[in-house]
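Chain A is fixed; fit chains B, C, D, E and F onto it per the hints.
Residue numbers (the numbering used here), protein chains in the order written: chain A, 1 to 244; chain B, 1 to 244; chain C, 1 to 244; chain D, 1 to 244; chain E, 1 to 244; chain F, 1 to 244.
Hints listed in this document are in silico derivations from the structure and should not be mistaken for laboratory results. Glycine included, every Cβ here is placed at the ideal spot set by N, Cα and C. Where hints are given, some of them may not hold.
Claimed, not checked - Among the chain C residues that face chain D by a calculated CB cut under 7 Å, a handful are:
no.	residue
1	21
2	86
3	195
4	200
5	203
6	205
To be verified - Using 20 Å as the maximum straight-line C-alpha spacing, the simulated SDA-like pairs for lysine to any residue come out as follows:
no.	chain 1	residue 1	chain 2	residue 2
7	A	83	F	208
8	C	83	F	81
9	A	83	C	81
10	F	83	E	93
11	C	83	B	82
Claimed, not checked - Covered, in the sense of this in silico footprint (three residues per stretch, anywhere, with C-beta under 8 Å from a C-beta of chain F), are these stretches of chain E:
no.	stretch
12	30-40
13	85-91
14	193-203
6 protein chains.
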Amino acid sequence: MTRHDGRANDQLRDIRITRNWLDHAEGSVLVEFGRTRVLCAASFTEGVPRWRKGSGEGWVTGEYAMLPRATNTRSDRESVRGKIGGRTHEISRLVGRSLRAVVDTKALGENTVVLDCDVLQADGGTRTAAITGAYVALADAIEWARREGAVKASAQPLKGSVAAISVGIVDGTPVLDLDYIEDSGADTDMNVVMTGDGRIIEVQGTAEAEPFDRAQLAQLLDLAGAGCAELTKLQQVALAGGAA
Amino acid sequence: MTRHDGRANDQLRDIRITRNWLDHAEGSVLVEFGRTRVLCAASFTEGVPRWRKGSGEGWVTGEYAMLPRATNTRSDRESVRGKIGGRTHEISRLVGRSLRAVVDTKALGENTVVLDCDVLQADGGTRTAAITGAYVALADAIEWARREGAVKASAQPLKGSVAAISVGIVDGTPVLDLDYIEDSGADTDMNVVMTGDGRIIEVQGTAEAEPFDRAQLAQLLDLAGAGCAELTKLQQVALAGGAA
Amino acid sequence: MTRHDGRANDQLRDIRITRNWLDHAEGSVLVEFGRTRVLCAASFTEGVPRWRKGSGEGWVTGEYAMLPRATNTRSDRESVRGKIGGRTHEISRLVGRSLRAVVDTKALGENTVVLDCDVLQADGGTRTAAITGAYVALADAIEWARREGAVKASAQPLKGSVAAISVGIVDGTPVLDLDYIEDSGADTDMNVVMTGDGRIIEVQGTAEAEPFDRAQLAQLLDLAGAGCAELTKLQQVALAGGAA
Amino acid sequence: MTRHDGRANDQLRDIRITRNWLDHAEGSVLVEFGRTRVLCAASFTEGVPRWRKGSGEGWVTGEYAMLPRATNTRSDRESVRGKIGGRTHEISRLVGRSLRAVVDTKALGENTVVLDCDVLQADGGTRTAAITGAYVALADAIEWARREGAVKASAQPLKGSVAAISVGIVDGTPVLDLDYIEDSGADTDMNVVMTGDGRIIEVQGTAEAEPFDRAQLAQLLDLAGAGCAELTKLQQVALAGGAA
Amino acid sequence: MTRHDGRANDQLRDIRITRNWLDHAEGSVLVEFGRTRVLCAASFTEGVPRWRKGSGEGWVTGEYAMLPRATNTRSDRESVRGKIGGRTHEISRLVGRSLRAVVDTKALGENTVVLDCDVLQADGGTRTAAITGAYVALADAIEWARREGAVKASAQPLKGSVAAISVGIVDGTPVLDLDYIEDSGADTDMNVVMTGDGRIIEVQGTAEAEPFDRAQLAQLLDLAGAGCAELTKLQQVALAGGAA
Amino acid sequence: MTRHDGRANDQLRDIRITRNWLDHAEGSVLVEFGRTRVLCAASFTEGVPRWRKGSGEGWVTGEYAMLPRATNTRSDRESVRGKIGGRTHEISRLVGRSLRAVVDTKALGENTVVLDCDVLQADGGTRTAAITGAYVALADAIEWARREGAVKASAQPLKGSVAAISVGIVDGTPVLDLDYIEDSGADTDMNVVMTGDGRIIEVQGTAEAEPFDRAQLAQLLDLAGAGCAELTKLQQVALAGGAA
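Extracted from the complex, chain A is given alone in its bound form:
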């Protein structure tokens, strides 16, 4: 089988991570997985939500959204419709959980980081790009907080790194990093969120057409593991690229 864009089955799309895309945010990244383009902004503020006050622990949360014309045909704005759709809710929660998995909230102190992931252009894999980019924005925001003294210089709020990738079974073949065309026709679609040291934070696999067995699941996880490892390196390169 040949993928429609000529990639090998275990090949990522072109990944670009542009730090400091915004001037105001404490951390910001424009992340691109091929034509998928997500703007990740990390907002660091003192204080925590009411239910967490006095705990000595910080909070990290995510909000995901899509511009109306990110997609091939325009969607109505959720703000205009007056409510958020299930998919948006679901991905926002996933982003928050994924990032919290690598944060030591005690070391963060009673501070909050909100990760806004706005999809400027969608071509499959928007949630995995969002998580991968949000990690870099978060790292920059925490570095900012350390420089500003909002977090102690000795504190290590980041316990590790996090990246995410989609895998799926397309025309019977397991492939890595599906674009929109592949995703639409996939039998199975799985998103995997992993730490930089190769452990799993979240795995969400759905049989869109045909249920899958354990052997297929193993193949998908192998692909995802390799993909996340590669993304981890790209994150490290981006973060090594200079002060935020």
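Using the frame of chain A, we list chains B, C, D, E and F on its own:
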């Protein structure tokens, strides 16, 4: 390790499936996983949503909700707050996807089945109980439709059965069918939706505390596979128990 | 005239009051008026709404809702529509007012009891079943508070009991406790809420078809008085049935 | 006892009914019960709501609302809060039901009349003023429709007239047409909607403080009957006052 | 050219300013620009919104709305639709800004005045009538506060007066104070808010059909200046008419 | 006076217009006015809103929004709050009106163009950047429609071009194209929308602090006229830069 309620690590809670709990619905089940109690109602109606009209195919969808005092402390009603929370959205979508995986929408014809899963009492595992009960309600509703002639007697809208169970790592040990206490303290929580013939429809695993590795994932999937097989038998027994 | 289900004109449907149907709530009742089935949960919490703070008085309120498939054809969820309908609002307010009429809010202290009345199955008379059941749940919750010391053992927050029943003119004849079929065809529909000692808390009569005169009103009130007296006895029997 | 404003117990406040207060509406009335001032606009349009199409019958509905500064202290706008409160819902439904009770929807044909009752100033009895005024606006709108040919000249869509009044027990004494001060301190508050020929369309009595007995109820209904008869005459005088 | 109602191009409609139209509000005005009729209520309350607390400065804000049958065909209520439309939002903000321009918020102290402008009948120019009337209601409310001691007798919270008028180019000719028919057919529509001493607070001009040039703009501003001067005199006459 | 960023009083910030920033939209522009960065997407679709069907005329509308971290401190998402704020509503309407002023809706045929203007980063002048960029996106979308045959090759749906700029009085001096710092401290703020041939489509001037006179207004309009002329040239250069 001993589980706080004395169960073996691979032991389900007491499962009860009471069919025809409601008089009006085409199919209805009160399903109990220990103290978790979910009322599943299947509503069969002619016609499909607008975007599917003329396709010749039916539609199956789910709605999940929790009564305000299903939980230990009362929650505000989503109807009063004026919007549905992310968790509700997420589980409703999961219920719909899971049931659709075993439905041949062409054989269903242009008819719709809505599966309302209302949690009367929550003690962990509400989404897996909902899916497991909803399958039985769906089977009854389809049988009803066949008897009423709304679906051809020769049509087989059900391609198989579906059940779901939660697994998790509690105090370092993989266990089956977590109740609320176990769930609250789990390192990892995973929900697995499987067909009656043992294939996976959906797997959603989240590292609440510590990321997990492939070996742990395999252990969890083994537990889930056995649990779903057991639930499948209980569904068959329930459905063999007489006409709806 | 014979009623379609064979009852005498002044006969209630089979009434069942099952206490402690839920494990978490401070008081809970599954109340059945024939096929009408309402789950009443009383949630006792310390503190009162902001506008009542410092008054030394407690608060009792009600919320009524119907599951989507409680009725013969499925209704949309109010949470999904994003707003509560007028009928829901109206009955919630009636439940709260009715229960408050027998509560000494000073004796309750600055505590709140919320009465959630969720209709699991509807066959007419859901609001009267809700009020009748909610009283028992409230009594149990107050007893719980006394045992727990949240309310002084010497305090008497309950000044009396409350029950409710519907009456109506069907085919020209006044009848008691209308089911859905009777209610749909009634000329006049009236709900009466009474104390255990036979006084009126609330009377709401509506001429659905033909306006009614004072003589008819008197007949309806006679029926309602007898019906409420019977319900009061059933509540007493239920409450005498053992500790909550 | 002397009422605080010097009225006899069975005395209405000054009632004023000003027709054609608006230029656009098919019928409009500014109705005043003392300082209570309600603007009633009847909008006649061809066609009926979807669920009534093809029935050959018309529809009459009501919407009640209060300006933010109708009351002694300003209330937030329901449009700004984004939802309608329970009281507003309840009264809107009452207005619609009350007016429909005197309309022959077959004679109206497939036309709709919406009765907007906006309280410009509130001093107790706003719902009864709204119903009393809305009837006059409705009569003018139907007359307009007859003149315009939207309803056949021979058709009699109005089967009778409707008026409403509040009664209550204040300091132990039954009184008619309570203003805000009386209403706030009443033991029992009752609203009665009656036809011009003295039959009851709706009775809603609530024991705000002390439950009431059948004898008190009879006294209140006597007062209400006399009050509605008086209002009926004032409506007739207003309608006789010239073409709309 | 002759205007359809016979007015000269620089002629206002009949303007009526009726003070104290309401009994409860601290200031209230029924303002009429021909058939346009707006009820302006000024509510004076101690305290300011949270973001302004401790500033020593007061706050003035406006809310504009239209009754459903103010217009020729009935509009849905914004409260029923559950959200406020863009036009309503826009005019509410304009009313607030316009009035704040003549208020010395320091002299007002930490008090709030809300100006509710409810259009009872609309025939063009509702926002300009609202602002013109709201000024008079505001002046009365501030006078009330001074009498009541809520504002020091020596304080001068009002720095000047404010009035507003619409101008436009209709059939190529600049005219003053457009009614609905003129407004619907205007090439250009402009609203001008001015102080009593002839300076501009706000100018909002929109080319509905044909863009306009600087010369036309100058002509429109000349008309508006004369119109506002006339309105200022009428405001002074009204305010001189006796104590509020 | 020297401006804080060293610009002359009549000097624009650096303006960048990047066409085709998105792959899916029929026209798209990333427009930058200094640090203000707005993504404008033009979506061309066949058909018009219901109220315009059968008219033979097209429709052009705009939607403006800001990403939560476009600003210096994060704002809540309007989709999460469940309603759109007044400012968003106001600017969306302005964008739509401004673009419609240069569109011949008959030549457009029954097609709709939606202009989504999403502010990625805000530093003052977002609405003027949005309009200026949206025009270029609109021109590209119409060119696309012509190439695709959705609009006849001979049709000229664009009657002219449109650009917008802000002007204001800062520290007593009229200046062009205010950034956020200047805008916050301005006495007067005005937005002017003009056609490419120098006529005015919209003028919105607000005295934030001190009312302004006709002479000041004239100065501001001179500055705006020169600024819009410059922007018009930059639009022409951008559009000449190659096929979309």
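A quick look at each hint next to the structure:
1. 21: Residue 21 of chain C check fails; min Cβ-Cβ to chain D is 27 Å, beyond 7 Å.
2. 86: Check passed: Cβ of residue 86 of chain C comes within 4 Å of chain D, closer than 7 Å.
3. 195: Where the cut-off is 7 Å and the nearest Cβ of chain D is about 5 Å from residue 195 of chain C, the hint holds.
4. 200: holds (5 Å)
5. 203: holds (5 Å)
6. 205: Residue 205 of chain C check passes; min Cβ-Cβ to chain D is 5 Å, inside 7 Å.
7. A:83 / F:208: violated (34 Å)
8. C:83 / F:81: holds (15 Å)
9. A:83 / C:81: Holds - the C-alpha atoms of residue 81 of chain C and residue 83 of chain A are around 10 Å apart, at most 20 Å.
10. F:83 / E:93: holds (16 Å)
11. C:83 / B:82: Roughly 5 Å between the alpha carbons, so the hint for residue 83 of chain C and residue 82 of chain B holds.
12. 30-40: violated (count 0)
13. 85-91: This one holds; 5 residues, not fewer than the three required, reach chain F with a Cβ under 8 Å.
14. 193-203: Satisfied; 8 residues make the cut.
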